[in-house]
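Dock chain E against chain F, hints included.
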Amino acid sequence: MKLEIGQPAPEFTLPSHLDKFVSLRDLRGTNVVLTFFPMAWTPI
Amino acid sequence: MLGVSVDHIPCLKAWAESLGGIHYPLLSDFWPHGAVSKLYGVLRPEGYSERAIFIIDGFGIIRYIDIHDIDSQPSNEDLRKELRRIDPKVASGMPHEQQNAKNEALPSGGIVMYCTKWCSDCRRARDWLKTNNLEYREVDIDANPRAAEQLKQWTGGKRVTPTFDIDGTIVIDFDVQKLNEILKERLAR
Chain F
1 MKLEIGQPAP EFTLPSHLDK FVSLRDLRGT NVVLTFFPMA WTPI
Chain E
1 MLGVSVDHIP CLKAWAESLG GIHYPLLSDF WPHGAVSKLY GVLRPEGYSE RAIFIIDGFG
61 IIRYIDIHDI DSQPSNEDLR KELRRIDPKV ASGMPHEQQN AKNEALPSGG IVMYCTKWCS
121 DCRRARDWLK TNNLEYREVD IDANPRAAEQ LKQWTGGKRV TPTFDIDGTI VIDFDVQKLN
181 EILKERLAR
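So the protein sequences, as listed, match chains F and E.
For the first sequence, the positions run 1 to 44 when the working numbering is used.
For the second sequence, the positions run 1 to 189 when the working numbering is used.
Hint data in this document are derived by calculation from the structure and do not stem from the laboratory.
Ideal Cβ placement from N, Cα and C applies to all residues, glycine included.
Honestly, I wouldn't trust all of these hints.
What the hints assert, rightly or not - A short, non-exhaustive set of chain E residues, derived as facing chain F with CB atoms under 10 angstroms: (1) Asp7; (2) Ala14; (3) Leu27; (4) Ser28; (5) Phe30; (6) Ala35; (7) Val42; (8) Phe54; (9) Ile56; (10) Gly58; (11) Ile67; (12) Ser120; (13) Asp121; (14) Leu183; (15) Leu187.
Only chain F is shown next, with the shape it has when bound in the complex:
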């Protein structure tokens, strides 16, 4: 599936390295920069 600008961002909940889960829906009201990176030990 290819996403496009103007579409709603798909919802997700993932565990974080800070021992907490993060849900996208909890971040309504703020801008979110979501960066995917191929693997740790590579530049983010």
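For chain E alone, coordinates are given in the frame of chain F:
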């Protein structure tokens, strides 16, 4: 700012540590493997994701997509430019606000919650406080370095959110039982 990769949590932790600590969440899309990367159309057949940036606005709408050359690092300057375009007040105001926050004294007395904007437990705690009609103040540890430092002292170097300072008694994490105990004692006084 959220980072996502298909690495598992211990790997992300080790990596963050090797970089001297990363304070924004690195999310593990390890299991089911790459599910979120796939949802965003950036999972490669090799099993890891593209190097990609999505900017999502406050309404949950995608405003910017950059599927980057996997071997080169996206420029922070470009990213700032895009953020300014999408929300002029955010990106330009940020450094200034942070400067101010630095000098801001930490509140004490009553219920003070040390939290972040992004953590789900902080959100649950907010709901819980509201449901119980408890007055409280919030300190965003991402915006206030002094608060982050204080939190680290309390939690032994970890940044556990939410953490509460209730009239000087520290409750680490959203521990409803403990919170109830302390609030009961407080009422009895």
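Checked hints:
With its C-beta approaching chain F no nearer than about 5 angstroms, E:Asp7 sits inside the 10 angstroms limit, and its interface hint holds. Proximity of E:Ala14 to chain F holds as hinted, the smallest CB-CB distance being about 8 angstroms (cut-off 10 angstroms). Because the closest C-beta pair between E:Leu27 and chain F is about 4 angstroms apart, less than 10 angstroms, the hint holds. With its C-beta approaching chain F no nearer than about 5 angstroms, E:Ser28 sits inside the 10 angstroms limit, and its interface hint holds.
About 9 angstroms separates the beta-carbon of E:Phe30 from the nearest beta-carbon of chain F, less than 10 angstroms, and the hint is met. Given hint, E:Ala35 at the interface with chain F, holds; its Cβ is 8 angstroms from that chain's nearest Cβ, closer than 10 angstroms. Look at E:Val42: its Cβ gets to within about 5 angstroms of chain F, closer than 10 angstroms, so that hint holds up. Of the supplied interface hints, the one on E:Phe54 holds, with its beta-carbon coming within about 4 angstroms of a beta-carbon of chain F, less than 10 angstroms.
Proximity of E:Ile56 to chain F holds as hinted, the smallest CB-CB distance being about 4 angstroms (cut-off 10 angstroms). Contact between E:Gly58 and chain F, as hinted, is supported at the beta carbon level, the nearest pair being about 5 angstroms apart and thus within 10 angstroms. Restraint check, E:Ile67 versus chain F: the minimum CB separation of about 9 angstroms is within 10 angstroms; hint holds. Hint on E:Ser120 holds. Least Cβ distance to chain F is approximately 5 angstroms, under the 10 angstroms limit.
The interface hint given for E:Asp121 is met, as the beta carbon of that residue sits about 6 angstroms from the closest beta carbon of chain F, less than 10 angstroms. Evaluation of the E:Leu183 hint against chain F yields a violated restraint, the C-beta minimum of about 23 angstroms exceeding 10 angstroms. Because the beta carbon of E:Leu187 sits about 30 angstroms from the nearest beta carbon in chain F, more than 10 angstroms, this interface hint is broken.
The structure shown violates the earlier hints numbered 14, 15.
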